[in-house]
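**Q** For reference, the chains in residue letters:
Number of protein chains: 2
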Amino acid sequence: MKEEFTEFIRSLQDEICKALEEIDGKARFVEDHWERPGGGGGRSRVISNGNIFEKGGVSTSLVHGKMPEALKKNMKTDGESFFACGISLVIHPENPFVPTTHANYRYFEMYNNKDERIDHWFGGGADLTPYYLFEEDAVHFHQTQKTAADRHGEDLYPKFKKQCDDYFRNHHRNEGRGIGGTFFDYLRPDRNRSARDWMGFDIDMGKAFLPSFLPIVEKRVNTPWGEENRYWQEIRRGRYVEFNLVHDRGTLFGLKTNGRTESILMSLPPRVRWDYNHQPKPGTEEEKLIKVLQKPKDWIT
Amino acid sequence: MKEEFTEFIRSLQDEICKALEEIDGKARFVEDHWERPGGGGGRSRVISNGNIFEKGGVSTSLVHGKMPEALKKNMKTDGESFFACGISLVIHPENPFVPTTHANYRYFEMYNNKDERIDHWFGGGADLTPYYLFEEDAVHFHQTQKTAADRHGEDLYPKFKKQCDDYFRNHHRNEGRGIGGTFFDYLRPDRNRSARDWMGFDIDMGKAFLPSFLPIVEKRVNTPWGEENRYWQEIRRGRYVEFNLVHDRGTLFGLKTNGRTESILMSLPPRVRWDYNHQPKPGTEEEKLIKVLQKPKDWIT
Chain A
23 MKEEFTEFIR SLQDEICKAL EEIDGKARFV EDHWERPGGG GGRSRVISNG NIFEKGGVST
83 SLVHGKMPEA LKKNMKTDGE SFFACGISLV IHPENPFVPT THANYRYFEM YNNKDERIDH
143 WFGGGADLTP YYLFEEDAVH FHQTQKTAAD RHGEDLYPKF KKQCDDYFRN HHRNEGRGIG
203 GTFFDYLRPD RNRSARDWMG FDIDMGKAFL PSFLPIVEKR VNTPWGEENR YWQEIRRGRY
263 VEFNLVHDRG TLFGLKTNGR TESILMSLPP RVRWDYNHQP KPGTEEEKLI KVLQKPKDWI
323 T
Chain B
23 MKEEFTEFIR SLQDEICKAL EEIDGKARFV EDHWERPGGG GGRSRVISNG NIFEKGGVST
83 SLVHGKMPEA LKKNMKTDGE SFFACGISLV IHPENPFVPT THANYRYFEM YNNKDERIDH
143 WFGGGADLTP YYLFEEDAVH FHQTQKTAAD RHGEDLYPKF KKQCDDYFRN HHRNEGRGIG
203 GTFFDYLRPD RNRSARDWMG FDIDMGKAFL PSFLPIVEKR VNTPWGEENR YWQEIRRGRY
263 VEFNLVHDRG TLFGLKTNGR TESILMSLPP RVRWDYNHQP KPGTEEEKLI KVLQKPKDWI
323 T
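Taken in sequence, the protein lines are chains A and B.
Per our numbering, the first sequence starts with residue 23, numbered consecutively.
Per our numbering, the second sequence starts with residue 23, numbered consecutively.
Fair warning: there could be bad hints in the mix.
Identical chains share a label here; the pair holds if one copy fits it or two copies do between them.
Claimed, not checked - Calculated pairs, DSS-like style, for lysine-lysine (alpha carbon to alpha carbon, straight line, at most 27 Å):
#1 K98 - K278
#2 K24 - K94
#3 K278 - K94
#4 K317 - K303
#5 K241 - K40
#6 K310 - K94
#7 K278 - K95
#8 K98 - K184
#9 K184 - K317
#10 K313 - K278
#11 K278 - K181
#12 K24 - K98
#13 K278 - K319
#14 K94 - K241
#15 K229 - K241
#16 K24 - K229
#17 K317 - K278
The hints are simulated quantities; they were obtained by calculation from the structure and are not laboratory data.
Bound-form chain A, shown alone (with noise of 0.2 Å):
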């Protein structure tokens, strides 16, 4: 399984980067190799000032070796190795009517000090953060991932569309970083579902993410924006940099435990603004979305 999800992540990056070059139409991924001293590495992609896309980066990884510390800490095993891949993905369109999005699908592996296997699971998710409110891209991205999801077991989305409602949430603001999708994580062998079962989910979810999110901005990119509506942009932006420095267990971890800090913070926007205590005006478009995101909304009914 491990190779077959490799080959996997690294098709699914190829085919991502191919499609968001396309419909950019001027803007190239660049690649990096990176090397991580304890065994494996990755590659990222990044794409900025584009015709669309400010910046964007799409990387896989694929590391292995003797478990960190901090790791077996955090998760109270004592597993001795391990092996971990996945694709992480996050896009920054300039139009403040895009939205921004992010997924990522991952596979992990633990081995004790024989080397044999003792855990492994599969996680991921989409989920979209826009700048503006349009209830039918909403229903489009949700629609997408559920259809894919219920390939699997109609009792999948509903639990993993509410894991990312509360996974991706500044509790410090009482709001939602965007308008949800799916989250899920730790998905093992059970009653109903063989590793092999979770990872054709995974993989499955993998291949709705462009379908779940080109769309939208094909709709949206030549939505004419002015000042105001960046400055709004920039403001939300700082929410997500909140979220992602603050609440989110990957970039944390990462961040602490000597990850490759550049690739870690690839997900940040470009350009970001913090006022002090800025509030939309009533009755106004911006105040619709504040709204939506302190409660989570059922997209799909």
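Place chain B on chain A using the hints.
**A** Just chain B, lined up with the frame of chain A:
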């Protein structure tokens, strides 16, 4: 001492705001009063879009009540109730040749369930975050801090200078946030100094803030700057955000225990930028700064 120190921080807030308004010549501080549900409150003062100061906050707070569970856990104490007051400020000038600065001075008391005081201490410090390094400015800032500290013992500045370098460090980048200053906490009565001595020290350090910072503003504020300098400033401001949101104990504790988010995050810079893997060119002023941040220097020899 509660009354005396509270009196001091309020008059220091007035003095600092007045001096900053005078030198800015355009913007005025806007005041917000807020109350803490559990007891006490604060007055936040914010300046923005001035001739010199793009964003700044100078706040005092005086809070008291039952010890929040998170605080008890954090401090490993069974104290039942507390009193805390302090002044905290961050100033972000517009001109990239004028450094950002931060300072705070605070006092904490803790009581048992019979309302007897079981612990109390002073804390605080001031530090400088330049975007371009002028050694004479660094020396001036440190010398002014040292002169104030020396009046209370020559052991204090070296110790608190080192604590500042150690504390304000972006470990994930192996860089200091700035070029340091002083940082001290848990100043409890001991063999050498009574609580009253420490209060005198804290007050003198507070009074040393303006003379540490204002002469540097005066000296640099007319330095012409261009887009390139601004770009670099915005990149560096990103590092400031990273420190405050990832490492700063006060910020994180505040955000995770229902503190007033807008007052806590008043410290964040107004406009910020994150590029993937931004590296200054060899031999430039930008690179010179990084080298000093990587390896803290003794400014007073």
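**Q** Evaluate each hint against the coordinates.
**A** Hint by hint, here is what the structure shows:
For the homomeric pair K98 and K278, the shortest alpha-carbon distances inside one copy (17 Å) and between copies (23 Å) are both at most 27 Å. In this assembly of identical chains, K24 and K94 lie within 27 Å of each other by CA distance solely inside one copy; the values are 21 Å within and 45 Å between copies. In this assembly of identical chains, K278 and K94 lie within 27 Å of each other by CA distance both inside one copy and across copies; the values are 14 Å within and 24 Å between. Proximity of K317 and K303 under a CA criterion of 27 Å is satisfied intra-copy only: 19 Å inside one chain copy versus 47 Å between copies.
With identical chains, the CA atoms of K241 and K40 are at most 27 Å apart within one copy only, with a shortest distance of 19 Å there and 52 Å across copies. In this assembly of identical chains, K310 and K94 lie within 27 Å of each other by CA distance neither inside one copy nor across copies; the values are 43 Å within and 39 Å between. Proximity of K278 and K95 under a CA criterion of 27 Å is satisfied in both settings, with 13 Å inside one chain copy and 22 Å between copies. Within a single copy, K98 and K184 get their C-alpha atoms as close as 25 Å, which meets the 27 Å cut-off; across copies the closest is 35 Å, which misses it.
Proximity of K184 and K317 under a CA criterion of 27 Å is satisfied intra-copy only: 12 Å inside one chain copy versus 46 Å between copies. In the homo-oligomer, the alpha carbons of K313 and K278 lie at most 27 Å apart only across protomers (22 Å), although the nearest pairing inside one protomer, at 34 Å, exceeds that limit. Taking the shortest alpha-carbon separations for K278 and K181, only the inter-copy value of 26 Å comes in at or below 27 Å, while the best intra-copy value is 30 Å. With identical chains, the CA atoms of K24 and K98 are at most 27 Å apart within one copy only, with a shortest distance of 23 Å there and 44 Å across copies.
Taking the closest pair of Cα atoms, K278 and K319 come within 27 Å of each other only across two copies (25 Å); inside a single copy the shortest separation is 34 Å, beyond that limit. When the C-alpha separation of K94 and K241 is checked against a cutoff of 27 Å, the pair qualifies neither within a copy, at 45 Å, nor between copies, at 52 Å. Proximity of K229 to K241 under the C-alpha cut-off of 27 Å is restricted to the intra-copy arrangement: shortest distance 20 Å within a copy versus 58 Å between copies. In this assembly of identical chains, K24 and K229 lie within 27 Å of each other by CA distance solely inside one copy; the values are 18 Å within and 62 Å between copies.
In the homo-oligomer, the alpha carbons of K317 and K278 lie at most 27 Å apart only across protomers (20 Å), although the nearest pairing inside one protomer, at 32 Å, exceeds that limit.
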